[in-house]
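Q: In case you want the letters, here they are:
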Amino acid sequence: MTVTIAANAAPRPVPLPIPRPIPLAEIAPWAVFAALVAVILLYFVSTEQGAFALFKGMLVHEYVHDGRHLLGFPCH
Amino acid sequence: MTPSLLWRGMLAGLVGAFVAATIALIFAEPSIDAAIAFESARAAHHMAGEDVELVSRATQKTYGLYTAMLVYGAGVGGVFAILFAGMQGRVGRAGPRPLALLLGLAGFVAIGLVPALVYPPNPPAVGLHETVRLRTAACFALIAWSLLAAGLSLFLWQRLAGRLPATDRLLAAGALYALLVALAAWLLPQIDEVPAGFPASLLWRFRLAALAVQGVFWLAMADLFGRSAERLMQGRAA
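These protein sequence lines are chains U and X, in that order.
Taking our numbering, the leading residue of the first sequence gets 1, the next gets one more, and so forth.
Taking our numbering, the leading residue of the second sequence gets 1, the next gets one more, and so forth.
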C-alpha cells in the first residue's frame with residue numbers, strides 16, 4: 001500500500017485522513033449480493049400475503065403485522 | 001474491505017432494528033392496540049363472525065414485531081453498507097463517521113419521512129382491503145422515485161462543485177429533490193380511506209410513533225455502522 005498525502009489535508013490543523021475509495025469492481029459483486037438479499041428480506045416484511053402471496057394463508061402477514069404497519073407499508 | 005463493510009452494515013442494521021423495535025413496543029403498540037379495538041368494535045357492528053386468530057396479539061406485538069424489524073434492519077443495513085462503500089472517498093470529503101450519519105439521514109428522509117408525508121403509515125382499521133394492491137404499487141413507486149430523486153440531487157450537488165458556493169449547492173440539490181418528489185405526489189393516486197369516526201388524535205399518535213421508530217432505526221444503524229467502519233478503514237487512510 002502506497003502512502004500519499006491528500007491535497008485537501010494541507011490547510012486544516014489536524015484533519016482526519018479520508019480513506020481511499022474502494023474500487024467499484026471490488027464492490028460490484030457484493031452490491032448484487034446485498035441487493036438480492038435485501039429484496040428477499042424486504043419482500044417478506046413488506047408485501048408477502050398482502051398485495052401478493054407466495055404462500056397460502058395469512059401466517060406471514062399476521063406475524064410481521066405490527067412491523068409492516070410501523071414501517072409504513074400498506075398492510076391490508 | 002467490501003465484505004467486511006457489508007457484514008458490519010447488516011449487523012448495525014440488526015442492532016438498530018432491535019433498538020427501534022423496543023421504541024415501537026413502548027411508544028407505538030398502545031396506539032396499534034387502540035386501533036384494533038376500534039376495528040373490532042366496528043366489525044362487531046357489521047358482522048357476527050370474527051376472523052380466526054392465526055397469531056395472537058401477544059405474539060404479534062413482541063416476537064412478530066422484533067422479527068419484522070430485524071429482518072428489515074438486516075436487509076436495509078446491507079444495502080446501506082454497499083452505498084457507503086461506493087461513496088466513501090468519492091462523494092464529498094466527509095470521513096467514515098460523518099458520511100455514515102449523512103447517508104443515514106438521507107435514507108431516513110428519502111425512504112421514511114418523505115414517502116410518509118405523501119402516503120402516511122396507517123394503523124390497523126385504516127385502509128380498504130380491496131385496494132391493497134394499488135396502495136402497495138403506489139407506495140413502492142413513490143419510494144423508488146424518491147430514491148431516484150435523491151440520487152439525481154446528489155449528482156447535481158457533485159456537478160456544481162466549484163461553480164456555486166457551498167450553501168447554494170445544497171439549496172439547488174435540495175430544491176431538485178423537493179421538486180421531483182412534489183411532482184410524484186401530484187401524479188400518484190390520492191388515497192382517502194380513513195373510516196368515519198376513527199379518532200384523529202389516535203391516527204396522529206400512530207403516525208408520529210411510526211416515524212419515530214424509523215428515525216431511531218436509521219440513526220442507530222448509521223451511527224453504529226459509522227463507528228465500526230471508521231475503525232475498519234483506519235488502515236486505509238490516503
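Among the hints, erroneous ones may be present.
Claimed, not checked - To give a feel for the contact side, a few chain X residues facing chain U, derived at Cβ under 10 angstroms:
id, residue
1, Gln60
2, Ala116
3, Pro123
4, Ile143
5, Leu187
To be verified - So the derived label-pair ranges between C-beta atoms look like this:
id, chain 1, residue 1, chain 2, residue 2, range
6, X, Leu148, U, Ala28, 31 to 39 angstroms
7, U, Ala53, X, Leu152, 14 to 22 angstroms
8, U, Leu54, X, Gly162, 49 to 57 angstroms
9, X, Asp192, U, Leu54, 50 to 58 angstroms
10, X, Gly174, U, Tyr43, 42 to 50 angstroms
11, X, Trp186, U, Ala25, 38 to 46 angstroms
12, U, Ala28, X, Leu232, 31 to 39 angstroms
13, X, Pro165, U, Phe52, 44 to 52 angstroms
14, X, Leu188, U, Leu54, 39 to 47 angstroms
15, X, Ala144, U, Val37, 31 to 39 angstroms
16, X, Arg42, U, Phe52, 21 to 29 angstroms
17, U, Ala28, X, Ser201, 45 to 53 angstroms
18, X, His129, U, Tyr43, 33 to 41 angstroms
19, X, Ala161, U, Ala53, 44 to 52 angstroms
Claimed, not checked - Heads up, incomplete: computed chain U residues facing chain X, CB under 10 angstroms, no partners named:
id, residue
20, Leu54
21, Asp66
22, Leu71
No lab work stands behind these hints, which were simulated from the structure alone.
Every residue, glycine too, gets a C-beta built ideally from N, C-alpha and C.
Q: Could you run down the list of hints and mark each one as holding or not?
A: Now for the hints, and whether the structure bears them out:
| no. | hint | result |
| --- | --- | --- |
| 1 | Gln60 | holds, 5 angstroms |
| 2 | Ala116 | holds, 5 angstroms |
| 3 | Pro123 | holds, 6 angstroms |
| 4 | Ile143 | holds, 9 angstroms |
| 5 | Leu187 | violated, 18 angstroms |
| 6 | X/Leu148 with U/Ala28: 31 to 39 angstroms | violated, 20 angstroms |
| 7 | U/Ala53 with X/Leu152: 14 to 22 angstroms | violated, 34 angstroms |
| 8 | U/Leu54 with X/Gly162: 49 to 57 angstroms | holds, 51 angstroms |
| 9 | X/Asp192 with U/Leu54: 50 to 58 angstroms | violated, 30 angstroms |
| 10 | X/Gly174 with U/Tyr43: 42 to 50 angstroms | violated, 32 angstroms |
| 11 | X/Trp186 with U/Ala25: 38 to 46 angstroms | holds, 40 angstroms |
| 12 | U/Ala28 with X/Leu232: 31 to 39 angstroms | violated, 20 angstroms |
| 13 | X/Pro165 with U/Phe52: 44 to 52 angstroms | holds, 48 angstroms |
| 14 | X/Leu188 with U/Leu54: 39 to 47 angstroms | violated, 26 angstroms |
| 15 | X/Ala144 with U/Val37: 31 to 39 angstroms | violated, 18 angstroms |
| 16 | X/Arg42 with U/Phe52: 21 to 29 angstroms | holds, 27 angstroms |
| 17 | U/Ala28 with X/Ser201: 45 to 53 angstroms | holds, 49 angstroms |
| 18 | X/His129 with U/Tyr43: 33 to 41 angstroms | violated, 20 angstroms |
| 19 | X/Ala161 with U/Ala53: 44 to 52 angstroms | holds, 48 angstroms |
| 20 | Leu54 | violated, 15 angstroms |
| 21 | Asp66 | holds, 4 angstroms |
| 22 | Leu71 | holds, 6 angstroms |
Checked against the numbered hints given earlier, the structure breaks hints 5, 6, 7, 9, 10, 12, 14, 15, 18, 20 and satisfies all the rest.
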